[in-house]
Amino acid sequence: MADEEQLPLIPDQRRELLLKHLRRDGVLSVQQITQLFGVSHMTVRRDIAELERRGLVFSVPGGARIASHLRSEPSFQAKSLIEQPEKEAMAGVAAGLVQEGMTVYLDAGTTLLAMVPLLARHESLTVVTNDFTTVDRLMGSSHLDVIHIGGQVDPSNRSSVGRLAATTLRQLALDIAFISTSSWDLLRGVTTPSAAKVEVKQAAMECTGSSVLVAGSSKYGTFGKFRVAPLGAFNTIVTDHGLAEAAAEGLRAGGADLRLAVV
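First residue of the sequence shown: 0, per numbering that gives the first Met the number 0; consecutive thereafter.
Hints in this document: simulated from the structure, not taken from any laboratory. There is no bait here: all hints are sound.
Simulated pairs of lysine-lysine, DSSO-like, Cα-Cα distance not exceeding 30 Å:
hint	residue 1	residue 2
1	LYS218	LYS19
2	LYS218	LYS78
3	LYS224	LYS19
4	LYS78	LYS224
Whenever a hint applies, use it, and build me the whole structure from the sequences.
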């Protein structure tokens with residue numbers, strides 16, 4: 000470490016070394032990085048911002064971290080208890096993309112579940128979903144057509160997954176598909192630790208004229224084992240205002256139509 004501190008590093012060299020240390024340690028504070036390279040706090044923050052724009056690291060209060068591996072998804076009950084204001088704000092932005100007469104796909108997830116009362120205000124919609132709670136909450140909306148795609152039941156997330164669900168989806172023509180995820184980043188795109196969820200999400204994206212990713216900023220910078228799609232496959236990305244400015248710049252530089260929901 001001492002040898003690295005004495006090197007007359009240009010910014011790109013310093014950032015590569017910072018990446019090396021973050022891959023080893025996972026997370027470092029700004030103070031640790033300033034001591035490591037003998038540079039100012041401002042220089043460190045510029046380095047973090049540049050690496051974040053490129054999707055290589057992710058800022059945390061007082062420091063930076065490398066992308067973290069999501070090994071399992073939280074249950075429906077656990078997800079329903081957190082970040083409710085952010086979910087409602089994202090649901091409002093996403094629902095603004097829906098027009099009368101559309102056939103809309105809602106992926107399973109508590110963020111998209113927040114769209115249900117907003118969609119129920121429409122006079123004419125077809126709502127397609129793999130989420131059992133969504134269907135339950137739309138039971139009283141007799142003015143809407145509701146289709147559940149069936150398939151293998153995932154009890155922990157109150158949804159259906161697998162090939163049978165995907166096969167049903169492929170029989171439909173969707174106007175817009177809202178896709179949820181528990182892990183996403185610039186380099187890997189949308190991922191999941193559950194292989195059974197991949198084909199359903201991909202089928203929805205194949206059958207629609209417009210794919211919309213709706214994912215909270217707290218999930219950005221995590222990745223699962225199985226890849227669903229690159230971020231460039233989505234027409235629109237809706238997240239909350241907690242996304243770091245440098246990360247947002249990187250997504251927009253990559254061509255994303257990024258919409259930030261404000262609580």
